[in-house]
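Participant: Got chain A; can you put chain B on it based on the hints?
Number of protein chains: 2
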Amino acid sequence: MTTSPLRAHVQPRTTARPIPQQRRTQAQRRAESERRLLDAAAELIVERGIEGTSLAEIGRVAGYSHGLVHQRFGSKEALVERLNTEAVRMFTTATLAAVGTTRGLAALRIVADTYLDLVQAEDPLGRVHLVVWTEAVARASERRSYRVTWDRYFRSAFAQLILDAAADGTVRSDVDVDAMSMVVVGLLRGVALQLMLDPAGATAETRAAVLDHLTRMLAAD
Amino acid sequence: MTTSPLRAHVQPRTTARPIPQQRRTQAQRRAESERRLLDAAAELIVERGIEGTSLAEIGRVAGYSHGLVHQRFGSKEALVERLNTEAVRMFTTATLAAVGTTRGLAALRIVADTYLDLVQAEDPLGRVHLVVWTEAVARASERRSYRVTWDRYFRSAFAQLILDAAADGTVRSDVDVDAMSMVVVGLLRGVALQLMLDPAGATAETRAAVLDHLTRMLAAD
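Residue numbers (the UniProt record's numbering), protein chains in the order written: chain A, 1 to 221; chain B, 1 to 221.
Pulled out of the complex, with its shape left as it was, chain A reads as follows (with noise of 0.2 Å):
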């Protein structure tokens, strides 16, 4: 199972450094079996998708038993939306630490070197909401809902990063923000998809490309 630095905030690790004579209250064990049990829904929903993993495939590959992923999660609908959860926290804290005090046009290019980033790097958390989305696409009643209610969010997030960049003259003035959201969000979202297809293609200059071109797109004359 994969993991990466940048999960570190969702629970600590508390086998780091394992102190004798004492022993893990059972918050402690619990938020450590929720960590294995999601390391193990995001690695293997990533490979086989959501219908294509079942909750006592979870349990297994985190050395657990499905009583407990039952016991945790109840359903793989609930987990499938704490994954998501999870995956939101992971974006937000990465993009806000690689943003720091940086704002205005330089800003927006950051957010999206960052997701860009987390889809490719090692740990499944970072691609795992492109499945679910994309599974909402072929699964018309049941997963659309609250899909559209993440997009919409995400959406609204790049809208604000744009009022902002305009507010401090980096971007055009003359923006149509809500449509522009869509746009960004489209190409981000296409772009790592077809990556996710194609791994061969995520070259150095794609990647360039891609943020040249949001510079392009939105910069102020």
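The set of hints was computed from the structure by calculation and includes no laboratory data.
Keep in mind the model is a prediction, meaning the values are calculated, not measured.
Every residue gets a Cβ at the ideal spot worked out from N, C-alpha and C, and that includes glycine.
Keep in mind that a hint or two might mislead.
[Stated by the list, open to error] Reference listing, derived: stretches of chain B covered by chain A, where coverage requires no fewer than 3 residues with Cβ under 8 Å from a Cβ of chain A: (1) 124-134; (2) 148-157; (3) 174-180; (4) 186-193.
Facilitator: Structure of chain B alone, referenced to chain A:
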């Protein structure tokens, strides 16, 4: 079942002006049953995904037996491949008709506009490639390889359009053609998928923003 004028080229509609006293040949009946089965398959796959659609269901919706579907296509994989071929043919025909004698950057804009038209048209044949493609992302081994081949073909078609437009001076000459093809395809697919999930976002402003954007990123100064 939905049909559209765009579908007319797929098979001649012999039922439009029936000629009394003349029985249809076996080839005509075969063409008619294939067309109806492909229509039903596109409709069901767009609604439920490949996994959620059975050959028996396709036969039922088209008004044929399960046996006939097997006889015509052999397997679901073969049917999906055939459906994709029909979608490519339909896109090619519609795009060539829309482009006419236009060349350069203007032709690129027309191709992008036609792509979004077909994705949002009533006929599900215009959307089926997105479902097939997104399911390939979620199902690593089985369908990925032939999607990759098609992805590369699709990008190379855009690369050719960009090269043509650079040659006639309407697209800037410093474009990295391979990287920009991935950007253009990513943008179009990423926007198309958002629109499929959330049709409320499909406003005239979004559409205009996508095309303006394409111009802005590619136009010669």
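Participant: For each hint given before, does the structure comply? Return the numbers of the non-compliant ones in rising order.
Facilitator: none
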